Amino acid sequence: MAEVSFIDEVCSVPGGESIRSCIQCGVCTGSCPTATKWDYPPRQAIAMVRAGLRDELLSSNSMWFCSSCYACTVRCPRDIKPTDIMHALEVLAIKHGLSTKRSRTPVMYQCFVDSAKGNGRVYELGMMIKLFLKTNPFAALKLAPVGLGLFLHGRLPLKPSRIKGVGELKAILNKAKALGGAK
Amino acid sequence: MKKYSYYPGCSSEATASPLGLSVIPVAKELGMDLVELEDWNCCGSSPYGSVDKLQATAIAARNLALAEKTGLELVTPCSNCYVVLGGANDNLKEHPVLKEQVGKALAVAKLSYKGGVRVRHLAEVLYSDITPEVIGSKVTKPLKGLKVAPYYGCQLVRPNGFDDPESPHSLDELVASLGADVVPWQMKVSCCGSSLVMPEQEVALGLINKILRNAQENGAQCLVTPCPLCQINLDAYQSQVNSRFKTKYNLPVLFVTQLIGVALGIKPDDLALSRNIVSPMRVLAPYL
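Top to bottom, those sequences are chains U and R. Read in numbering that gives the first Met the number 0, the first sequence has 104 at position 105, and its numbers run on one by one without any break. Read in numbering that gives the first Met the number 0, the second sequence has 190 at position 191, and its numbers run on one by one without any break.
Just so you know, the hints here were simulated from the structure itself, not pulled from any lab data. Here the structure is a predicted model, which is why all the values come from computation and not from measurement. Heads up, some of the hints might be wrong.
[As the list claims (entries may be wrong)] Within a straight-line C-alpha distance of at most 20 Å, the following computed PhoX-like cross-link-like pairs (lysine-lysine) qualify:
no., chain 1, residue 1, chain 2, residue 2
1, U, K176, R, K103
2, U, K169, R, K245
3, R, K2, U, K169
4, U, K176, R, K137
5, U, K36, R, K68
6, U, K100, U, K129
7, R, K103, U, K169
8, U, K163, R, K109
9, U, K174, R, K103
10, R, K68, U, K141
11, R, K137, R, K98
12, R, K2, U, K163
13, U, K176, R, K68
14, R, K27, U, K116
15, U, K116, R, K103
Same shape as in the complex, but just chain R:
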């Protein structure tokens, strides 16, 4: 059983709680030992880096410093945390002055960071370490006939993701390993508007509409994504899209851990399926 330091990220405790909750039983079933990073803090996310670079790097670096003490790879299920923590890691390597200043800031709390932590996305670990083959071998409820559109979003694959930034395949393979039908579609790496959904809702709703329309037109019964922000936008804002564009989408958007969990025969309650805003129960009924 491989051990990882686990960084849930703030949204896994709240707006993306179906992700945070479903990671636990799925990891256990797949033999991943996720040890939650003690007293982790917010990674700073995109907003902090747009307000103050030094502070943004420092807030991310506290997590990296704590993780370095464990000697383990740092795994997060959140695409934004993945980009931000990984980006801070890169910036500290490339900018000596930044590194020195962040070092001084961390020293106030008797912390230090040498730069030795590898930041990984949970989807990457599922794909590269666990592998679709092994996941497939543990499937007890094959999702035969379920048409799934794998939605990668942006930050899983860009700027420095583990898969192709324009035409990725890892999530497709994970979905296929569960026995489901992978829907070919065009918008699997298109932007959902991310946090702009709050300050600039109109812009984000337009982007969400295009993604849902493309998935539906290609016959998807549901979408699956690893990203908290993508899931919230496509799921929680789907009713807003319907009223704004006079559409009638009823497309469940599952976290990848939820879909894997169903195929592994994990109980719906343990996968927090009732927390999805657009209920997935109708399309998942044959497999539960």
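So here's chain U without its partners, still in its complex pose:
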């Protein structure tokens, strides 16, 4: 069986299927609040998917700078959904083990997911501590005043909130995992 092309792979993730309609107009890049930080800004990233440059794109920092503001999505004249395409690229980067070290966002997302799975609800303080320990403990010192401010204003509880059905939720997620990537 022939190897699945990069563009087919992107199309197989829900939200990624419309990428073939792109006309490379650049409205997405022009609308993006963080585009200057991307190795390959949105328009170029989409061109790279179509050119089959899988490893170059998936090991870049590009999609990890997407803030999910959806400005590109509501402006795209071809009704493709660049935000969803960026999420699809993130999923594929993780699947292929290609995520970059030049963005701390993949680590944050994983910490978030672990927290959501563990308690059924996200424990923000625990997630933040884990993120900084895994990436940059020094940054935690810089952010300590923000954390302290939130804590002193009753906005950073020391105890996680845990749902009753945490076992049930884990069973659902394990089953989803076993069923493999969504097609």
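Once you've looked at the hints, dock chain R against the given chain U.
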């Protein structure tokens, strides 16, 4: 009194507790019966959808399945939960294979989801169901002379929000119904950096600075937003912006429920006003 299934979202219990706390008395005063969804779980938020689509849809779908049993519309005060739960709903409709797999995953917990839940944002319910007219008729402390910049953020209005994605007006009308002066400004739907504030603080601080500067230059005394992430970024990180950019912002950022509550004459303690990092007490003093 219309009844809704209520989905607070994780941040309403912690970093956005002023939102979670102020929703309750305001809903009561406005005659909304919010019944908290029993044992709701995290919606998965943007991060889960960037790690694994099937699991992300499944974690959101447990909430949708629980809500479907109530037969009520599902209302959340969180813009991110709104986009994620609504997005999962759409994906399940548009992708039969995804729907089948999520169905199998839910079945492990004896749950099922047919697709019948309408997901709504609290701001939408305030605007469309309660209406600014009715809210205005219940105002006991008109916010006359208070200059408010309505900040919508992104996910209330995009990708499939209930208002115009580029030039929305619902929050403006809600603020105006309270008697306050709506500040015209340019950045009401600009991105604050959302959760990038944690892994990429420098990028987010730059975006927050632009928003605060634009609000201040247009004469705002405070901002008002429905979104937990926006409020945290503009409020809790304001001191970081000040030290990074040598600015001197002292702009309170209120949740829309807090501002409505003040105008309805609800006690400051019940609106958790003391939980805002940049204290709103000075600008709100004439109305308390």
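Verification of the supplied hints:
1. K176(U) / K103(R): holds, 11 Å
2. K169(U) / K245(R): violated, 47 Å
3. K2(R) / K169(U): Violated, at about 30 Å.
4. K176(U) / K137(R): The hint is violated at about 50 Å.
5. K36(U) / K68(R): violated, 45 Å
6. K100(U) / K129(U): Status holds; Cα separation ~17 Å.
7. K103(R) / K169(U): holds, 14 Å
8. K163(U) / K109(R): holds, 15 Å
9. K174(U) / K103(R): Roughly 8 Å between the alpha carbons, so the hint for K174(U) and K103(R) holds.
10. K68(R) / K141(U): violated, 46 Å
11. K137(R) / K98(R): violated, 44 Å
12. K2(R) / K163(U): violated, 24 Å
13. K176(U) / K68(R): violated, 25 Å
14. K27(R) / K116(U): Between K27(R) and K116(U) the Cα gap is close to 33 Å, so the pair fails against 20 Å, i.e. violated.
15. K116(U) / K103(R): holds, 18 Å
In the structure shown, a violation is registered for the earlier hints numbered 2, 3, 4, 5, 10, 11, 12, 13 and 14, in ascending order.
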